[in-house]
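Which chain is which? The protein sequence lines are Y and S, in order.
Residues 21 to 314 (the numbering used here) are what the first sequence spells out, left to right.
Residues 4 to 239 (the numbering used here) are what the second sequence spells out, left to right.
All clues given are correct.
Below, simulated DSS-like cross-link-like pairs (lysine-lysine); rule was C-alpha separation at most 25 Å, straight line:
#, chain 1, residue 1, chain 2, residue 2
1, Y, 55, Y, 197
2, S, 134, Y, 308
3, Y, 197, S, 72
4, S, 62, S, 23
In case anyone wonders, no lab produced these hints; they're calculated from the structure.
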Amino acid sequence: MEWYILLQQMINGLALGSIYSLIALGYTMVYGIIKLINFAHGDIYMLGAYFGFYALTKGGLSLGPALLLSMGLAALVGVVLERIAYRPLRSSPRITALITAIGASLFIQSVSQIGFGASFKPFPQAIPFQRIAIGSVFITNRQLIMFGVSIFLMVTLHLIVQYTRIGKAMRAVSMDKEAAMLMGINVDRVISVTFALGSALAAAGGILVGMYYNRIDPYMGVMPGIKGFTAAVLGGIGVIPGAVIGGFMMGIAENLVVALGSSTFRDAVAFAILILVLLLKPAGLLGKRQREKV
Amino acid sequence: MAILEVEDLHVYYGMIHALKGVSFHVEEGEIVTLIGANGAGKSTTLRTISGLVAKSSGKVVFDGHDLEKVPAHKIVGLGLTQVPEGRRLFPGLSVEDNLFLGSYLRRDKQGVQRDLERVYDLFPRLLERRKQQAGSLSGGEQQMVAMGRGLVSRPQLLLLDEPSMGLAPLLVREIFSVIEEINRQGTTILLVEQNASLALDIAHRAYVFETGSVAFEGETRMLAEDPRIRQAYLGV
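Isolated chain Y (complex conformation):
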């Protein structure tokens, strides 16, 4: 194999990996705060792509405003989803909420199929396609946008979580809900904000990928959802930097498999990684092994 093919696939991997990181962040933040794997997260990503699609076509917006609008709408969907599907189950066994999340995922997919149509839609090209050649490898402007927007959002999220009042409240709630209440923190509201942030990131990912692959459909969230989840587990679920690292590793691993000539297996990589992590290092790369408290 020529080295430049490897390099090319690394670049493709970084671009795609940045999306997996965005999705993984939503999984990991929600898990960190209410110990729930929100399996409907991939479907919010899909909704984000559709919101973007309509904002660009029917709404006639340009890419930036469409992105913001879609992120806002997806945040709203995330908040409503938590409010009606998960909050009533907050004190139920975790498996109940998990099954509900799978149900919510199927529900969103089916409703979207009715609302948006089951067939593919071509995603509008909000910006003209350009390819930049560096020696024998190519970077497209879409990849650059994908990567750049993702990194920007991740840095923004980091600043929010580390330095703002609500970010500190989020971390406090994830560490000790009861103590957080004793500080006067409205735990329900912090959980809503967490869903809003995670959903907005996923929606951004949906639009960027819609643009990258030129098409969207109501089931487009399933695979990226699983890959984002795997990325979160790989990095250590509940650990924010872990989600970012996990996402990039997933993207690169997937594209390396393609580079090795077996693009048939690109989706299988996610499952292989998931199985390996659970067998060898269930806490993930950055996760701490936690003893169950007695």
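Assemble chain S onto chain Y, guided by the hints.
Frame of chain Y, contents of chain S only:
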């Protein structure tokens, strides 16, 4: 006037009747202590007052507010703060951030700054450690952070649940003298404590809990002389 009035409080944990009609009151400016054996219901009482545990009947009135329908996170805003048993710091956050969260509801930045300085005054060691993760501190330092975090909410009434738990005797003395100092500076204190002799030493009045209800009550000077109390709780 009583700043806190608890009337005929009943709490169940499933089938277990944990509080069987607890009544007591705290006057403004006092240190009142609840003492008694493990499992007598002292902590449950504090947790019920703060809204962490649901009561089945009874009444809690703080500073004229009936706390019946007030959710836990709104009680702090009324001026009633609890420093929970086991400190319950946010271990991954710095000392500074833990203290910041204590002032979460306050909007008067200058006032918060003054209260922070007061906390660093009471516990100079925290000033050196303010950038450190709270989880990495010693037990005594963690107790100081927990109390400081309670103080920066500027409570009228501070509930302290087992502040001496797991601390070396010397530190316990230090913590208790700070509790007296906080009280002198004008904060009313309701103290739950296993170490009955220390608690009786600094408190004005005490309630002795036995299996979910108040068995004795009175001024600490009187209780400390009562042979039944001396035998059962002071070990003399």
